[in-house]
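All chains should be built: construct the whole structure from the sequences, respecting the hints.
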Amino acid sequence: MQNDADKTFGWSFLGFWVGLVIGLISLWLSVFYQRQPRLSVAILSRTPVLSLQDLQNLKDNLEILYNKTNILESKQNLYVITLRFANIGRANIVKGDFDAAAPLGIQLVDVKNSRSPAEISIIQKPEVLDASSNYFSKLVVKIESNATVVIEPIILDAQQFFTIKLVALMPESFQPTVRVLGKIAGIREIELVDELSSLSANFFWQRWLLMGGIIIAAVSLGYLLISSLISLL
18 MQNDADKTFG
28 WSFLGFWVGL
38 VIGLISLWLS
48 VFYQRQPRLS
58 VAILSRTPVL
68 SLQDLQNLKD
78 NLEILYNKTN
88 ILESKQNLYV
98 ITLRFANIGR
108 ANIVKGDFDA
118 AAPLGIQLVD
128 VKNSRSPAEI
138 SIIQKPEVLD
148 ASSNYFSKLV
158 VKIESNATVV
168 IEPIILDAQQ
178 FFTIKLVALM
188 PESFQPTVRV
198 LGKIAGIREI
208 ELVDELSSLS
218 ANFFWQRWLL
228 MGGIIIAAVS
238 LGYLLISSLI
248 SLL
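FYI, the numbering used here numbers position 180 of the sequence shown as 197, with every residue one higher than the one before it.
A hint or two may mislead.
To be verified - For lysine to any residue, the following SDA-like pairs were computed, each having C-alpha atoms within a straight-line distance of at most 20 Å:
(1) K182 / E144
(2) K159 / S190
(3) K200 / Q124
(4) K182 / F153
(5) K112 / Q176
(6) K155 / G113
Claimed, not checked - Listed next, with one range per pair, are the computed distances between beta-carbon atoms:
(7) E90 / A119: 35 to 45 Å
(8) R205 / T86: 36 to 46 Å
(9) K85 / R52: 51 to 61 Å
(10) T86 / A108: 44 to 54 Å
(11) V97 / S162: 18 to 28 Å
(12) A135 / L82: 18 to 28 Å
(13) R52 / S91: 47 to 57 Å
(14) I81 / E144: 16 to 26 Å
No lab work stands behind these hints, which were simulated from the structure alone.
We put the CB at the ideal spot given by N, CA and C, even for glycine.
Shown next as structure tokens:
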């Protein structure tokens, strides 16, 4: 009787670990192998042309004119902002996925007053700085309004990216950030991150921590399987 009880316990314990490992593998596959697009917009830089110290030191000795207005006297500054759009998912984004009524774009806003972009002006045609493919040389980025640009539909395959540069004029007290606009089929929310590397690092560590857990569970299962089989013989 005792031997039968030991065998029953051994098989039950073994079944528990088999179920646990299968569950972890299923979770890993569902999280990391979903064939869905995933679009991120990373703020790579937002650099003022003149620092606050420069603005103070040069205000009386230098003129920077825009539309015949001295931006130093008007207490304004120029910012160079670079943004990287990347499909970090496992499915491609095609032109038909874009919603014509809600085009993909970005709006520059002040960190402290995100509802009031009226004082910000993008003064130069957006430029493609870098891309994962020459295909993006055809990318069309239009200035929609003072602080808003829109991107015409384009194919963005999985793990592909492009980087654009914006030059904007705004009050010297502003600190610009970005509001992402638009809707793409299959993407619940377009992700905005301060740096693409931070998103990649988080994704990297999440993946390897989960894989490490699965490996540990598999090794434990193997040990328990061998131990259980030996005890049942």
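Pairwise beta carbon distance, E90 to A119, judged against the given window 35 to 45 Å: holds (39 Å)
Pairwise beta carbon distance, K85 to R52, judged against the given window 51 to 61 Å: holds (54 Å)
Compare the distance between the alpha carbons of K200 and Q124 with 20 Å, and conclude whether the hinted pair is satisfied. holds (14 Å)
Between K182 and F153, does the CA-CA distance stay at or below 20 Å? holds (14 Å)
Checking one constraint from the list: CA of K155 to CA of G113, max 20 Å. Satisfied? holds (17 Å)
Distance restraint between K112 and Q176, which requires alpha-carbon spacing of 20 Å or less: holds (16 Å)
Between the beta carbons of V97 and S162, is the distance compatible with 18 to 28 Å? Holds: the Cβ-Cβ distance is about 20 Å, inside 18 to 28 Å.
Distance restraint hint 16 to 26 Å, applied to the beta-carbon atoms of I81 and E144: Taking Cβ atoms as reference, I81 and E144 lie about 20 Å apart, which means the hint holds.
Assess, step by step, whether the Cα of K182 is no farther than 20 Å from the Cα of E144, and give holds or violated. holds (5 Å)
Can you let me know if the beta-carbon spacing of T86 and A108 is within 44 to 54 Å? With a Cβ separation near 48 Å, T86 and A108 satisfy 44 to 54 Å, so the hint holds.
Pairwise beta carbon distance, R205 to T86, judged against the given window 36 to 46 Å: holds (43 Å)
May I ask you to test the hint 47 to 57 Å on the CB atoms belonging to R52 and S91? Holds - the Cβ-Cβ distance for R52 and S91, about 52 Å, lies within 47 to 57 Å.
Comparing the model with each earlier hint shows a violation of hint 2 alone; every other hint is respected.
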